[in-house]
Amino acid sequence: MNPYSFIFFSSDRGEPAHIHVKRDRQLTQFWMNPVSLEKNLGFKEHELNQIARLV
Numbered sequence: 001m002n003p004y005s006f007i008f009f010s011s012d013r014g015e016p017a018h019i020h021v022k023r024d025r026q027l028t029q030f031w032m033n034p035v036s037l038e039k040n041l042g043f044k045e046h047e048l049n050q051i052a053r054l055v
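Sequential numbering of the sequence shown, starting at 1, is according to this note's numbering.
Treat the hints as calculated values from the structure; they're not laboratory data.
Among these hints, one or two may not hold up.
Estimated spans, in silico, between C-beta atoms of each pair [as the list claims (entries may be wrong)]:
id : residue 1 : residue 2 : range
1  : Asn2      : Met32     : 28 to 34 angstroms
2  : Lys44     : Phe6      : 28 to 34 angstroms
3  : His46     : Ser5      : 16 to 22 angstroms
4  : Pro16     : Leu41     : 29 to 35 angstroms
Straight-line distance between alpha carbons at most 25 angstroms, and here's what the computed SDA-like set of lysine to any residue pairs gives [to be verified]:
id : residue 1 : residue 2
5  : Lys44     : Gly14
6  : Lys39     : Asn2
7  : Lys39     : Leu54
Using N, Cα and C, we set each Cβ at its ideal position, and we do this for glycine too.
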């Protein structure tokens, strides 16, 4: 079990498919194709690397 919540968006305001990942007050967003970081609010780099592997 991991401490993250994953929310997938296949169609959101004309944006490409992406996923939001939340934990406590931290939030990040990754594009899905190809998987790449879009924005980060509060996660440290080592956590982003772990989240990217999960995505």
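Against the structure, the hints:
Between Asn2 and Met32 the Cβ separation comes to about 19 angstroms, which falls outside the hinted range of 28 to 34 angstroms. At about 18 angstroms, the beta-carbon gap between Lys44 and Phe6 misses the expected band of 28 to 34 angstroms. Between His46 and Ser5 the beta carbon distance is about 19 angstroms. The supplied range of 16 to 22 angstroms therefore holds. At roughly 20 angstroms, the beta carbons of Pro16 and Leu41 sit outside the given window of 29 to 35 angstroms.
Between Lys44 and Gly14 the CA atoms are separated by roughly 29 angstroms; this puts the pair beyond 25 angstroms, and the hint is violated. The suggested pairing of Lys39 with Asn2 holds, with an alpha-carbon distance near 21 angstroms, which does not exceed 25 angstroms. Between Lys39 and Leu54 the alpha-carbon distance is near 16 angstroms, which keeps this suggested pair within the 25 angstroms criterion.
Violated hints, in rising order: 1, 2, 4, 5; the structure is consistent with all others.
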